[in-house]
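There are 2 protein chains.
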Amino acid sequence: MALYTENTLYVYNSLKGFKEVFKPTVEGRVGMYVCGPTVYSNVHLGNCRTFMSFDMMFRYFTHLGYKVRYVRNITDAGHLENDADEGEDKIAKKARLESLEPMEIVQRYTDDFHNVLRQLGCRIPSIEPTATGHIIEQIGIVQDILDKGYAYVSEGSVYFDVEKYNREHPTGSGTYGCLSGRNIDELLENTRALDGQSEKRSSRDFALWKKASPSHIMHWPSPWSEGFPGWHLECSAMSTKYLGETFDIHGGGMDLKFPHHECEIAQNQVHSHSRGARYWLHANMLTLNGRRMSKSTGNILNPAELFSGENSILKKAFAPAVVRFFVMQAHYRSVLDFSQDALEAAEKGYNRLMEALDKLPTLKTSKDGSWDVNEWRSKCYDAMNDDFNTPILIAHIFDAVTEINRIDASQSSISEESLKTLTETLEAFVYDVLGIQKVEKAGRESEVIDALVNIFIEERKAARAEKNWALSDSIRDRLSAIGITLKDGKEGTTYTIEE
Amino acid sequence: MALYTENTLYVYNSLKGFKEVFKPTVEGRVGMYVCGPTVYSNVHLGNCRTFMSFDMMFRYFTHLGYKVRYVRNITDAGHLENDADEGEDKIAKKARLESLEPMEIVQRYTDDFHNVLRQLGCRIPSIEPTATGHIIEQIGIVQDILDKGYAYVSEGSVYFDVEKYNREHPTGSGTYGCLSGRNIDELLENTRALDGQSEKRSSRDFALWKKASPSHIMHWPSPWSEGFPGWHLECSAMSTKYLGETFDIHGGGMDLKFPHHECEIAQNQVHSHSRGARYWLHANMLTLNGRRMSKSTGNILNPAELFSGENSILKKAFAPAVVRFFVMQAHYRSVLDFSQDALEAAEKGYNRLMEALDKLPTLKTSKDGSWDVNEWRSKCYDAMNDDFNTPILIAHIFDAVTEINRIDASQSSISEESLKTLTETLEAFVYDVLGIQKVEKAGRESEVIDALVNIFIEERKAARAEKNWALSDSIRDRLSAIGITLKDGKEGTTYTIEE
Numbered sequence: 348m349a350l351y352t353e354n355t356l357y358v359y360n361s362l363k364g365f366k367e368v369f370k371p372t373v374e375g376r377v378g379m380y381v382c383g384p385t386v387y388s389n390v391h392l393g394n395c396r397t398f399m400s401f402d403m404m405f406r407y408f409t410h411l412g413y414k415v416r417y418v419r420n421i422t423d424a425g426h427l428e429n430d431a432d433e434g435e436d437k438i439a440k441k442a443r444l445e446s447l448e449p450m451e452i453v454q455r456y457t458d459d460f461h462n463v464l465r466q467l468g469c470r471i472p473s474i475e476p477t478a479t480g481h482i483i484e485q486i487g488i489v490q491d492i493l494d495k496g497y498a499y500v501s502e503g504s505v506y507f508d509v510e511k512y513n514r515e516h517p518t519g520s521g522t523y524g525c526l527s528g529r530n531i532d533e534l535l536e537n538t539r540a541l542d543g544q545s546e547k548r549s550s551r552d553f554a555l556w557k558k559a560s561p562s563h564i565m566h567w568p569s570p571w572s573e574g575f576p577g578w579h580l581e582c583s584a585m586s587t588k589y590l591g592e593t594f595d596i597h598g599g600g601m602d603l604k605f606p607h608h609e610c611e612i613a614q615n616q617v618h619s620h621s622r623g624a625r626y627w628l629h630a631n632m633l634t635l636n637g638r639r640m641s642k643s644t645g646n647i648l649n650p651a652e653l654f655s656g657e658n659s660i661l662k663k664a665f666a667p668a669v670v671r672f673f674v675m676q677a678h679y680r681s682v683l684d685f686s687q688d689a690l691e692a693a694e695k696g697y698n699r700l701m702e703a704l705d706k707l708p709t710l711k712t713s714k715d716g717s718w719d720v721n722e723w724r725s726k727c728y729d730a731m732n733d734d735f736n737t738p739i740l741i742a743h744i745f746d747a748v749t750e751i752n753r754i755d756a757s758q759s760s761i762s763e764e765s766l767k768t769l770t771e772t773l774e775a776f777v778y779d780v781l782g783i784q785k786v787e788k789a790g791r792e793s794e795v796i797d798a799l800v801n802i803f804i805e806e807r808k809a810a811r812a813e814k815n816w817a818l819s820d821s822i823r824d825r826l827s828a829i830g831i832t833l834k835d836g837k838e839g840t841t842y843t844i845e846e
Numbered sequence: 348m349a350l351y352t353e354n355t356l357y358v359y360n361s362l363k364g365f366k367e368v369f370k371p372t373v374e375g376r377v378g379m380y381v382c383g384p385t386v387y388s389n390v391h392l393g394n395c396r397t398f399m400s401f402d403m404m405f406r407y408f409t410h411l412g413y414k415v416r417y418v419r420n421i422t423d424a425g426h427l428e429n430d431a432d433e434g435e436d437k438i439a440k441k442a443r444l445e446s447l448e449p450m451e452i453v454q455r456y457t458d459d460f461h462n463v464l465r466q467l468g469c470r471i472p473s474i475e476p477t478a479t480g481h482i483i484e485q486i487g488i489v490q491d492i493l494d495k496g497y498a499y500v501s502e503g504s505v506y507f508d509v510e511k512y513n514r515e516h517p518t519g520s521g522t523y524g525c526l527s528g529r530n531i532d533e534l535l536e537n538t539r540a541l542d543g544q545s546e547k548r549s550s551r552d553f554a555l556w557k558k559a560s561p562s563h564i565m566h567w568p569s570p571w572s573e574g575f576p577g578w579h580l581e582c583s584a585m586s587t588k589y590l591g592e593t594f595d596i597h598g599g600g601m602d603l604k605f606p607h608h609e610c611e612i613a614q615n616q617v618h619s620h621s622r623g624a625r626y627w628l629h630a631n632m633l634t635l636n637g638r639r640m641s642k643s644t645g646n647i648l649n650p651a652e653l654f655s656g657e658n659s660i661l662k663k664a665f666a667p668a669v670v671r672f673f674v675m676q677a678h679y680r681s682v683l684d685f686s687q688d689a690l691e692a693a694e695k696g697y698n699r700l701m702e703a704l705d706k707l708p709t710l711k712t713s714k715d716g717s718w719d720v721n722e723w724r725s726k727c728y729d730a731m732n733d734d735f736n737t738p739i740l741i742a743h744i745f746d747a748v749t750e751i752n753r754i755d756a757s758q759s760s761i762s763e764e765s766l767k768t769l770t771e772t773l774e775a776f777v778y779d780v781l782g783i784q785k786v787e788k789a790g791r792e793s794e795v796i797d798a799l800v801n802i803f804i805e806e807r808k809a810a811r812a813e814k815n816w817a818l819s820d821s822i823r824d825r826l827s828a829i830g831i832t833l834k835d836g837k838e839g840t841t842y843t844i845e846e
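Protein sequences, first through last, are from chains A and B.
With the numbering used here applied, the first sequence covers 348 to 846.
With the numbering used here applied, the second sequence covers 348 to 846.
Extracted from the complex, chain A is given alone in its bound form:
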């Protein structure tokens, strides 16, 4: 009997604004689509959080026994610099700046994306389709929307007619604005005038197909022009192709709600009389030291810098497994703040958890254990069933850690059967569901070095207090010979290690 039959999972559906029971379209199966990266630069730490969140859901669905088809796309064409269908294609622009073919840019940053996500413990999705791999399907949808009268051709480009769509799709049937809660008239007021965009009937309209300017290097033939598909279209085409017209979960970062997901819903409604996904889930943002990450203010950190410690924001490196643990400590719908202190606390917690897991095989069992492991196990599932509440799950996991340490110290006892349940449950939640990888104790080696050097520093301090300069110098010289330099300052003695 699959675990999903005995677990009622609630998910927060952004379409409705509340949590509701998750019931898949086809029993025993989950179809899940998540908007992937536009591969024109190294993957952003905030995006990593989004992908870790949906990876955790993919893992939980799988753990529950569902057969999951998880589709996460790669945007390798068509994503313009701003939402008003203006500016250059992001990838083509980068290619021009670096004198490379656009697909060389795509290859370089897709590889970076895959490497970082692998380090962060994300499983590969079932399918990872690309926008350029589905031009034919996209042209098919544009033609269909045109045929149905919800789009118009203007100067070789095709635009979706938002006003007409909304006249015929009132609230409840996928009106444009239903997801982000925006009002179409407000949208109009908040958009700047249509300077130079006279192609569009209204600034609310969005591009389904754009005619390529002579300088645009990525373009394909179509009935309307040599051009390229609008960014929003690829997700409609690929989710429909691989998951069907109506599927279960659509995920993405909060910033994609509007306009990206609103446009997807409108396209889907016209093309297949369905919003596409039945549950729309959004992961929240990530801040750094309490502020929005931004290149211009310098408040920015990329994953490689985080893992290597080579950055000016944090004092040390953090292992990818610690970062994953840290991210899972927050609920996916809460804002998460990265900081030195918070990451250090997570590192301690991670080490404490791994130590407890290591103790499991060595614990002694007794006939009558005092701890009700089944009740604890149920609470773990309750947490996950409440819209994937990983922080509550982790709190329960730490209750188990405390109990393991008490049993290890003979302050409590556990039966053989309970220990088996405990071990299976903990390993399933920590490794399989939360995706936390076991690594050699994070930071253990630098801890040991620190402790060793501090013995020498103390010895030297004592020697200096006794005016034993010969000993004090000898300590300094011996450390220096192995590449460690001592520095005396107002706050005591510090040291650096030669690389």
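The set of hints was computed from the structure by calculation and includes no laboratory data.
Check the hints yourself; a few may be wrong.
Pairs count within a copy or across copies, as identical chains cannot be separated in the list.
To be verified - Listed below are the simulated DSSO-like cross-link pairs for lysine-lysine, each with C-alpha atoms no more than 27 Å apart in a straight line: (1) Lys588 with Lys440; (2) Lys663 with Lys642; (3) Lys706 with Lys834; (4) Lys511 with Lys642; (5) Lys414 with Lys440; (6) Lys441 with Lys588; (7) Lys495 with Lys726; (8) Lys441 with Lys414; (9) Lys785 with Lys663; (10) Lys767 with Lys706; (11) Lys711 with Lys662; (12) Lys366 with Lys814; (13) Lys414 with Lys366; (14) Lys695 with Lys663; (15) Lys814 with Lys767; (16) Lys558 with Lys588; (17) Lys370 with Lys604.
Place chain B on chain A using the hints.
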């Protein structure tokens, strides 16, 4: 001044059957296309050898200062089970057998392919295009070949007319058979009768577009039918798109010469009056214990089994870096045999090489070194310039290893300048060109810990010699307090660190 200006590189051109001077189409740039895998199963060890060979060429061209665009495709549709344009699509068949969507099969095995190649030290290519990502371009070429009269439509499929092509392309201008040396009439005799294939005018003809049968799940609209491109077409389409109609190098395994590359050349000739690449290079096969690898005889080994040692063919595991070294010890055009003994010998050689490289920074220099490093360096380039002769290069590298060990043992001497040249040349050839990775025996941190603990061990030894038991105990206790346990044994004092 780029290195390529002072190196005359000879490559064996399969089109001509001899070595000739490599001269790129555009000065300072190299365009290189290599046929990638059909991703319907785990990557084959033989294919790994092919990709390591072309990776080595990519690296050597880069080392010589060329700006290289290296395109290696992923075949994710259109590769049928046999060369007679019959049978199922390999990926679709696997999808049917495993009850998965074809693109799930593609995703799984593309990921395996990337992981194995990364472990084997292969750099990512500049572009890795897919067949499904270039359906529009392939349809364009089919139309062009039809328009030019070298193909015909039959029952919704389009076939290339080999006989007509050869009438108008006599020897010297890309006749069909020019690469493999096969005679078109022999080809006909050796092919079985056209049972059930009455669509084709001749069994020599090959498919440019195949109409999909109702059960075929991967298909796209075209002017001729809902169908899919012929396998040979994708390489013509993608090499032309990313490298131009005439480019430098086309590579692949020996088994692709016929019919795959013959068909590519014929398509290219009609479409763009060019054979495509000017130099066609082919990597030879790999055998296992002297016999052809084959699933049916059980004489088979996949890369994961080779790296883990979990197989019945070999007695132990071999690190990917050792496998890479082993492959580079053979010339890419020679048959290479995998066996326990040969791999063990390679492992010894690899370790000897790495130890010598480690000694380089510690070697003492003297004013008048006896060894002519520049002459040795020239020989290394001569080897690579002779059609990438890596076994000869490695022989020269081991001459240097011998010399390094002699200098280390004060049996020979080297000047400072020569040592600099030697270090730069060795590191460039071993790491950059051959792509042999250094496996860290231990990181810098454990080195530092080791050096620190050894100071304490020495101090304690001195204290014990002076019978200062109080100091000796205090040292042991202080280390113990930070989790380091000293153990006195016959061979001196060792230590363990608590995890």
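**Message:** Checking each numbered hint in turn, tell me which of them this model violates, lowest number first.
**Reply:** Those not satisfied are hints 4, 7, 11, 12, 15.
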